[in-house]
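Participant: Produce the complete structure using the sequences and hints provided.
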Amino acid sequence: MKILIVGGGTVGYYLARTLMEHGHEPVIIESNRAVRAGLANSLDIPIIRGDGTSVEALQEAGADTADALIAVSGRDEINLIACQLARSEFHLRRAVAKANNPKNADVMRTLGVDIAVSSVDVIARMLEQEVDMSRIKRLVSLN
1 MKILIVGGGT VGYYLARTLM EHGHEPVIIE SNRAVRAGLA NSLDIPIIRG
51 DGTSVEALQE AGADTADALI AVSGRDEINL IACQLARSEF HLRRAVAKAN
101 NPKNADVMRT LGVDIAVSSV DVIARMLEQE VDMSRIKRLV SLN
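According to this note's numbering, the residues represented by the sequence shown are 1 to 143, in order.
No lab work stands behind these hints, which were simulated from the structure alone. Note that the Cβ used here is the ideal one computed from N, Cα and C, for glycine as well. Any given hint might turn out to be false.
[Claimed, not checked] Simulated DEER-style distance windows between Cβ atoms:
hint, residue 1, residue 2, range
1, 124, 20, 38 to 48 Å
2, 10, 127, 19 to 29 Å
3, 77, 126, 24 to 34 Å
4, 38, 75, 18 to 28 Å
5, 126, 55, 35 to 45 Å
6, 107, 44, 19 to 29 Å
7, 111, 64, 20 to 30 Å
8, 110, 41, 37 to 47 Å
Facilitator: Here is the structure:
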């Protein structure tokens with residue numbers, strides 16, 4: 001699958017590497033020149049200049065032939081707009097956004113993001129599951 005990644009920071013970099021290892025074709029859109037240079041030296045994939053909020057940057061990245069867009073920039077508004085543009089202008093099947101502020105995840109879903117991921121929410125759920133599992137273990141050992 002061809003997957004556009006908006007944001008080439010740490011999350012974008014490792015996401016691109018992981019997608020490549022699984023046989024996908026990532027393309028990164030990044031606005032910072034120094035970050036783009038580092039990505040170009042580390043990854044053998046297209047790195048596009050832009051922040052994902054312009055139709056031109058998305059077009060240059062190949063949004064018209066992409067299967068999905070994942071927005072992982074450090075700014076929720078960029079992630080939201082990139083996903084909305086991908087869906088409305090290019091009719092991408094999947095639009096995923098990182099919600100840096102957990103309060104924005106529900107708003108993002110309401111405004112058209114298929115999956116809004118908040119690392120705070122993910123960690124909290126994992127902790128809750130671990131607590132639930134430890135209770136089950138204690139019950140089992142008593143029986």
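Participant: Mind checking the hinted window 20 to 30 Å against the Cβ distance between residue 111 and residue 64?
Facilitator: For residue 111 and residue 64 the Cβ distance comes to about 22 Å; the hint holds.
Participant: Given a hinted range of 38 to 48 Å, is it respected by the beta-carbon distance of residue 124 and residue 20?
Facilitator: Cβ of residue 124 to Cβ of residue 20: about 30 Å, so the range 38 to 48 Å is violated.
Participant: Using the beta carbons of residue 107 and residue 44, state whether their distance is inside 19 to 29 Å or not.
Facilitator: Violated, at about 36 Å.
Participant: CB of residue 10 to CB of residue 127, is that within 19 to 29 Å?
Facilitator: About 22 Å separates the Cβ atoms of residue 10 and residue 127, which means 19 to 29 Å holds.
Participant: Tell me if the beta carbons of residue 77 and residue 126 are separated by a distance inside 24 to 34 Å.
Facilitator: Taking Cβ atoms as reference, residue 77 and residue 126 lie about 27 Å apart, which means the hint holds.
Participant: Does the Cβ distance between residue 126 and residue 55 fall inside 35 to 45 Å?
Facilitator: Once the Cβ atoms are compared, 37 Å apart, the range 35 to 45 Å for residue 55 and residue 126 holds.
Participant: Starting from the range 37 to 47 Å, see whether the pair residue 110 and residue 41 falls in it by beta-carbon distance.
Facilitator: holds (39 Å)
Participant: Using the Cβ atoms, figure out if residue 38 sits within 18 to 28 Å of residue 75.
Facilitator: holds (19 Å)
Of the numbered hints listed earlier, those contradicted by the structure are 1 and 6.
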